[in-house]
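Trainee: Below, each chain spelled out in residue letters.
Number of protein chains: 2
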Amino acid sequence: MQDIDKVLDFIIEIEKLKNVQRKTRPVGLDRFENSAEHSWHVCLAALMLKDSANEVIDINRVIRMLLIHDLGEIDAGDTIIYQSETPELKAKEYAGLKRLFDMLPNNQGTEFLELWLEFEAGMTPDAKYAKAIDRLPPLLHNLHGAGHSWKQHQISKEMVFKVNSRIAQGSEPLWHNLEDKLNQAASDGLMA
Amino acid sequence: MQDIDKVLDFIIEIEKLKNVQRKTRPVGLDRFENSAEHSWHVCLAALMLKDSANEVIDINRVIRMLLIHDLGEIDAGDTIIYQSETPELKAKEYAGLKRLFDMLPNNQGTEFLELWLEFEAGMTPDAKYAKAIDRLPPLLHNLHGAGHSWKQHQISKEMVFKVNSRIAQGSEPLWHNLEDKLNQAASDGLMA
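If you read the sequences in order, they're chains A and B.
Just so it is clear: in the first sequence, position 15 is 15 by this note's numbering, and no numbers are missing.
Just so it is clear: in the second sequence, position 57 is 57 by this note's numbering, and no numbers are missing.
Hints were generated in silico from the structure; no laboratory data involved.
Yeah, the Cβ is synthetic: ideal placement off N, Cα and C, and Gly gets one too.
Treat the hints with care, since some could be wrong.
Only pairs whose alpha carbons sit at most 20 Å apart, straight line, appear in this in silico SDA-like list of lysine to any residue [unchecked claim]:
hint : chain 1 : residue 1 : chain 2 : residue 2
1    : B       : K50       : A       : Q2
2    : A       : K181      : B       : K50
3    : B       : K50       : A       : K162
4    : A       : K50       : B       : G109
5    : B       : K50       : A       : H144
6    : B       : K181      : A       : I4
7    : B       : K6        : A       : K162
8    : B       : K23       : A       : K162
9    : B       : K50       : A       : L115
10   : A       : K50       : B       : K23
11   : A       : K6        : B       : H148
12   : A       : K6        : B       : V163
13   : B       : K6        : A       : W175
14   : A       : K16       : B       : H148
15   : B       : K157      : B       : E120
16   : A       : K16       : B       : L104
17   : B       : K181      : A       : K162
18   : A       : K90       : A       : N60
19   : A       : K6        : B       : K157
20   : A       : K16       : B       : D9
21   : B       : K50       : A       : N19
22   : A       : K50       : B       : H144
23   : A       : K23       : A       : H148
24   : B       : K181      : B       : A146
25   : B       : K50       : A       : Q21
26   : A       : K50       : B       : K181
27   : A       : K162      : A       : L117
28   : B       : K181      : A       : K23
Per label pair, the in silico range of CB-to-CB distance [to be verified]:
hint : chain 1 : residue 1 : chain 2 : residue 2 : range
29   : A       : N107      : B       : A146      : 54 to 62 Å
30   : A       : A146      : B       : H153      : 23 to 31 Å
31   : A       : M159      : B       : E55       : 30 to 38 Å
32   : B       : N19       : A       : A146      : 44 to 52 Å
33   : A       : G189      : B       : E111      : 20 to 28 Å
34   : A       : Q184      : B       : K162      : 52 to 60 Å
35   : A       : Q21       : B       : K151      : 28 to 36 Å
36   : A       : E111      : B       : A192      : 23 to 31 Å
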């Protein structure tokens, strides 16, 4: 009973991710996306695109990674992918994540902290694929939203390609598909 | 390449779930919850409470169920759990779900349509547990939000207990924990 109370406190605490604002607007919506709905979106995207992964992946682990990948933002806030990831920021996210998972009973959070570290390192097949999928929605939001975030944050074609070509490490077919769309978008003046 | 385009269209289309408003406010937020962020929240709740399930469950199937369980609302809208579920409404949700999954290539959507039907029927251990978890967040929102939705929709203690005691079919420990909190909330005047 006491254990369930601890988990319920965790469940309430992570609701704060619904209040973390990201830098793009979902297609067709006027407001910015939040990190909780983004986390749901990338889980389903990963599930439906799983056959496009370069390597053998465990999609259930990938989904768990994506369910928790942004929880550190509750304490650290969201950062646009084009901003350099400083060690200080990552340390802040890890500390935030640790604070949350320490709320759980019986060291239940340990495996999720390890999963997050694996995601951040981006070296395993699961992490490479999860990271590729994480980059997809902001691209779609810009492609179908007049490049609103690229323009607002002055992101050039070179930066878009430099940062997102990493998608190819997780899924070459997905990156090749997006490459064409991004080239077209640059020609159409959607980037800074 | 053509297959990836179809999946990308699906990924964009399901963004509309971010615009489906539910009937409760997340703890600490002034706005109503949307069904996309709710879907993320119940996935993590299910994962962290999995040891409280009454029967042996496949948590990965449960998470998939919960990732897709509200997609039918894109066409049918959200309904409060205290409203009777009419066959017409369920048919509308199924049609909406079918429209979405038909966007996917190679009959990829078939397994998810079946998973949704299993969830709705609520007879298997996975579905019973998933349905129990689905009912948890609105209770927490009311318990920690002055019963705002119970009061607005004139939900009595009897209705709260009648509808939510079904949680015990998926997790008796969870229901017993909540029962105490709900009795206290009723004494405190949080229900209609």
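Trainee: Look at each hint and say if it fits the structure.
Mentor: Status of each hint after checking the structure:
1. Our distance criterion of 20 Å between C-alpha atoms is met by K50 (chain B) and Q2 (chain A), whose separation comes to about 15 Å.
2. Between K181 (chain A) and K50 (chain B), the direct Cα distance comes to roughly 41 Å. Violation of the 20 Å bound is thereby established for this hinted pair.
3. The suggested pairing of K50 (chain B) with K162 (chain A) is violated, with an alpha-carbon distance near 41 Å, which exceeds 20 Å.
4. Straight-line distance between C-alpha atoms of K50 (chain A) and G109 (chain B) comes to about 13 Å, which keeps the hinted pair within the 20 Å bound.
5. For the hint pairing K50 (chain B) with H144 (chain A), the CA-to-CA distance comes to about 38 Å; that exceeds 20 Å, so the pair is violated.
6. Taking the CA atoms of K181 (chain B) and I4 (chain A), the gap is about 12 Å. The hint holds against a cut of 20 Å.
7. Distance restraint check for K6 (chain B) and K162 (chain A): the Cα-Cα separation of roughly 26 Å exceeds the 20 Å cut-off, and the hinted pair is therefore not satisfied.
8. Proximity of K23 (chain B) to K162 (chain A) is assessed by CA-CA distance (about 43 Å); at most 20 Å being required, the pair is judged violated.
9. Distance restraint check for K50 (chain B) and L115 (chain A): the Cα-Cα separation of roughly 18 Å lies within the 20 Å cut-off, and the hinted pair is therefore satisfied.
10. A threshold of 20 Å between alpha carbons decides the hint, and for K50 (chain A) with K23 (chain B) the separation of about 33 Å lies outside it, so the pair is violated.
11. Note on K6 (chain A) and H148 (chain B): the hinted pairing is violated, with a Cα-Cα distance of about 24 Å set against a maximum of 20 Å.
12. Restraint check for K6 (chain A) and V163 (chain B): the C-alpha separation of about 24 Å exceeds 20 Å, so the hint is violated.
13. Restraint check for K6 (chain B) and W175 (chain A): the C-alpha separation of about 15 Å stays at or below 20 Å, so the hint holds.
14. For the proposed pair K16 (chain A) and H148 (chain B), the alpha carbon gap of about 19 Å is at most 20 Å, so the pair holds.
15. Proximity of K157 (chain B) to E120 (chain B) is assessed by CA-CA distance (about 25 Å); at most 20 Å being required, the pair is judged violated.
16. Straight-line distance between C-alpha atoms of K16 (chain A) and L104 (chain B) comes to about 33 Å, which puts the hinted pair past the 20 Å bound.
17. For a cut-off of 20 Å, the pair hint linking K181 (chain B) to K162 (chain A) is broken: about 52 Å separates their Cα positions.
18. Between K90 (chain A) and N60 (chain A) the alpha-carbon distance is near 25 Å, which puts this suggested pair outside the 20 Å criterion.
19. Using a Cα cut-off of 20 Å, the hinted pair K6 (chain A) and K157 (chain B) is violated, with the two alpha carbons roughly 25 Å apart.
20. This hinted pair does not check out: K16 (chain A) and D9 (chain B) have alpha carbons roughly 30 Å apart, beyond 20 Å.
21. Under the criterion of a C-alpha separation no larger than 20 Å, the hint pairing K50 (chain B) with N19 (chain A) is inconsistent with the structure, at around 26 Å.
22. Our distance criterion of 20 Å between C-alpha atoms is broken by K50 (chain A) and H144 (chain B), whose separation comes to about 38 Å.
23. Restraint check for K23 (chain A) and H148 (chain A): the C-alpha separation of about 9 Å stays at or below 20 Å, so the hint holds.
24. For the hint linking K181 (chain B) to A146 (chain B), the alpha-carbon distance of about 13 Å falls within 20 Å, and the restraint holds.
25. Among the hinted pairs, K50 (chain B) with Q21 (chain A) is inconsistent with the structure: their alpha-carbon atoms are about 29 Å apart, more than 20 Å.
26. For the hint pairing K50 (chain A) with K181 (chain B), the CA-to-CA distance comes to about 41 Å; that exceeds 20 Å, so the pair is violated.
27. For the given pair, K162 (chain A) sits about 23 Å from L117 (chain A) by alpha-carbon distance, which is inconsistent with the 20 Å threshold.
28. For the hint pairing K181 (chain B) with K23 (chain A), the CA-to-CA distance comes to about 38 Å; that exceeds 20 Å, so the pair is violated.
29. Separation of N107 (chain A) from A146 (chain B) is about 35 Å and departs from the stated range, judged on CB atoms against 54 to 62 Å.
30. Restraint check, A146 (chain A) to H153 (chain B): a C-beta distance of roughly 39 Å breaks the suggested window 23 to 31 Å.
31. For M159 (chain A) and E55 (chain B), the Cβ-Cβ distance of about 51 Å falls outside the hinted range of 30 to 38 Å, so the restraint is violated.
32. For N19 (chain B) and A146 (chain A), the hinted distance range of 44 to 52 Å is not satisfied, since their beta carbons lie about 19 Å from each other.
33. The given range of 20 to 28 Å is broken by G189 (chain A) and E111 (chain B), whose C-beta atoms sit roughly 42 Å from each other.
34. For Q184 (chain A) and K162 (chain B), the hinted distance range of 52 to 60 Å is satisfied, since their beta carbons lie about 56 Å from each other.
35. Taking 28 to 36 Å as the suggested C-beta distance range, the pair Q21 (chain A) and K151 (chain B) conforms, at roughly 29 Å.
36. Judged by the Cβ atoms, the range 23 to 31 Å given for E111 (chain A) and A192 (chain B) is violated: they are separated by roughly 42 Å.
Consistency note: the structure conflicts with the earlier hints numbered 2, 3, 5, 7, 8, 10, 11, 12, 15, 16, 17, 18, 19, 20, 21, 22, 25, 26, 27, 28, 29, 30, 31, 32, 33, 36.
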